[in-house]
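Participant: This is what each chain is made of:
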Amino acid sequence: METLSFMAAALSPVNLLLAIVGVAAGIVIGALPGLSATMAVAVLVPVTFGMPPEAALIMLGAIYTGAIYGGSYAAILVNTPGTPSAIATTFDGYPMAQRGDGDLAVTLSTLSSVIGGLVGALALLTLAPLLAQIALKFGPVEYFWLAIFGLTLISALSEGSTLKGFIGAGIGLLLSTVGVSVVGGDIRYSFGSQFLLGGIETISALIGLYCIPVLIDLVATPSAHLQPPEKGRGIRLGEGMRLVWRGKFNAVRSAVIGTLVAILPGAGGSIASLVSYSEARRTSRRSERFGHGEPDGVIATETANNATVGGGFIPTFVLGIPGTPPDAVILGALLVQGFRTGPEMFTTNASVTYTFIGGLVIATLLMLPMGLLIGRYAFKSIVSIPKALLVPSIAFMTVIGTYAIRNNPFDVVVMVVLGVIGWVLARYGIKPSPIVLGLILGPIAEQGFVQGYLMGNASGSVLGAFFGRPLSLAIIAMVLLSVLYPLWRAHRARRLPREPEEARP
Amino acid sequence: MKSTTEPTQRVAARGSDACLAVAMLGIALGALWFSADISIMASVFPRTIAVLVLIFSAALLLRSLLAKPTRPRPEPGSVARRLGLIVVLLLWSLTLKWLGFVTSSLLSAACLALLSHYHGWTPRRAAGYATVLLLIIALFYVLFAIILNVPLPVGLLWRTQ
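Sequence order for the protein chains is A and B.
When you number the first sequence by the working numbering, it's gap-free, plus one each residue, and the end is 1060.
When you number the second sequence by the working numbering, it's gap-free, plus one each residue, and the end is 152.
The set of hints was computed from the structure by calculation and includes no laboratory data.
No experiment lies behind these values; they were computed from the predicted model shown.
A portion of the hints provided could be inaccurate.
Said to hold, decoys possible - Computed, partial: chain B to chain A, Cβ under 7 Å:
#1 Ala22
#2 Val35
#3 Val44
#4 Glu66
#5 Ser69
#6 Arg72
#7 Ile77
Using N, Cα and C, we set each Cβ at its ideal position, and we do this for glycine too.
Make the full structure from the sequences, and use the hints.
Facilitator: Structural data, given as structure tokens:
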């Protein structure tokens, strides 16, 4: 009863207003390529310093949840994930928009994000201390294998050959090693350039690899880049709800995956959405349609990445270990407010924690009307903008977004060069997703790999360090499954006579 | 709702796969070569990855020689406009520091609008597009430079004069 009264405190007019402002700001910032959820939270943290702790946390949670959802807009409408956790949304969201179903894709993304956000918040409310213990079982070697699992998933999922997916992931991992090394502090592959000492900025690379190829192909033809929607269809809420109901198991499974992956510090929304996308495709009766505009793909990724919001707060609150990068910023804000993380967050400071969880639920629910409203105009606007305005506008956003990350003009040069390389590689069959994920997971993989290598050397068996722990073996089994299952499925499809398309449900 | 997008046409990829594999072999060998001077702790990871890229690239080369690989047909379109866009983006990124954010953005946005427009220009259309682009640039300038306090480059060229 007391918990409910604390949660109800989030319904005060001031808290509601802050949640609305936070969600709106988050959606706008998340939708702009280059401005990630972490940046959205970081930029607006100082605004909350003068607020009461509950209000500050509610606003930050609303910004975070809005930004993760907002990332899907750019992914669906311009094939550029607004945030790294929306990478897998491009797989089916953009093909849907290309054929004129962008409005439906945005509605699906909104409904799925709300479901994912609610499941994550529910897990935070009920299972936090229990789930946080799982995170403690993960050592450096497990993190290494987890990163490898993410990379094998994206390589296997990428359109085209798995072999090229692996090469792309390898290129991404090599790019992540440019600059000062994670372990040892050596300078690697900078070729004497002081600009490369800081390494290749992940968000710049993400913008370049996704956005520049789209621009290069946009100017090449006079045809519209997205099919215009049929007139008088509205937001297609009924159709979206029917599709979500049809994929209800997919949505719940993806939300659970998102929550569980988010409690592992550092894993983040990109792995969560990829794992859930892979599971959705593996179990779907329409698996061959994934990657060509299958609504279940959008449902899986968007449910999972918004579930990471609540899930990521579990280790942040219980262990003081941020589950995702924006959680680290919010953890800092908590410390500024004078809070110590740990079990007391759910005992001594229960009033603040439960009011915050209540605020997170409200912010997630607010996403539904706000997202549908913004989404309706976003798709129509993008479709109706002439190319002569669309191309310079997108190019302008990529340049200013990249520059703003580190206030460094060289990052813009790197972004453009990587974009051109990405366009060439895409024509040869290497898609941007494995490269970007290699770049994102490179530091996690390297740290785990080198620490595991050192532990193995110290204990006399490097192989034992990497292959000797049950949790590592379980992840290795998932890695093998993610690589071998698509191959087995393709082999089986070749051997079996083709079912007629009409016979499929 | 239409079911899916149309499946893309495929073309032979033996030559392009072989070229890609050779390029990737070169990159992997380069990564190994340039890691020679790095300490063992800092080089063990990139070396391992380079070896894996080497193996995958060799497998791709072998497959391109033995099998008959295919790939989706590349998007057709104007090569000149594509190259023009790349040149404009590169010049934009390289001149940010010298011309400043506003000047380089205005010039580049104008060039990109010209490159991506396929119909005739009328004074009204040109004025309309110019106004919208100016508004977009002004909006983002206010958002980044004033609200978010991002120090956008003012241009070394203008400072020295």
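Participant: Does each hint fit the structure? Answer for all of them.
Facilitator: Each hint tested on the structure:
1. Ala22: holds, 5 Å
2. Val35: Holds, because the Cβ-Cβ distance from Val35 of chain B to chain A comes to roughly 6 Å (cut-off 7 Å).
3. Val44: Result: holds, 4 Å to nearest chain A Cβ.
4. Glu66: Cβ of Glu66 of chain B sits 5 Å from chain A, so the hint holds.
5. Ser69: holds, 5 Å
6. Arg72: holds, 5 Å
7. Ile77: At 6 Å from the nearest chain A Cβ, Ile77 of chain B passes the 7 Å test, so the hint holds.
This entry satisfies every hint, going by the numbered hints stated previously.
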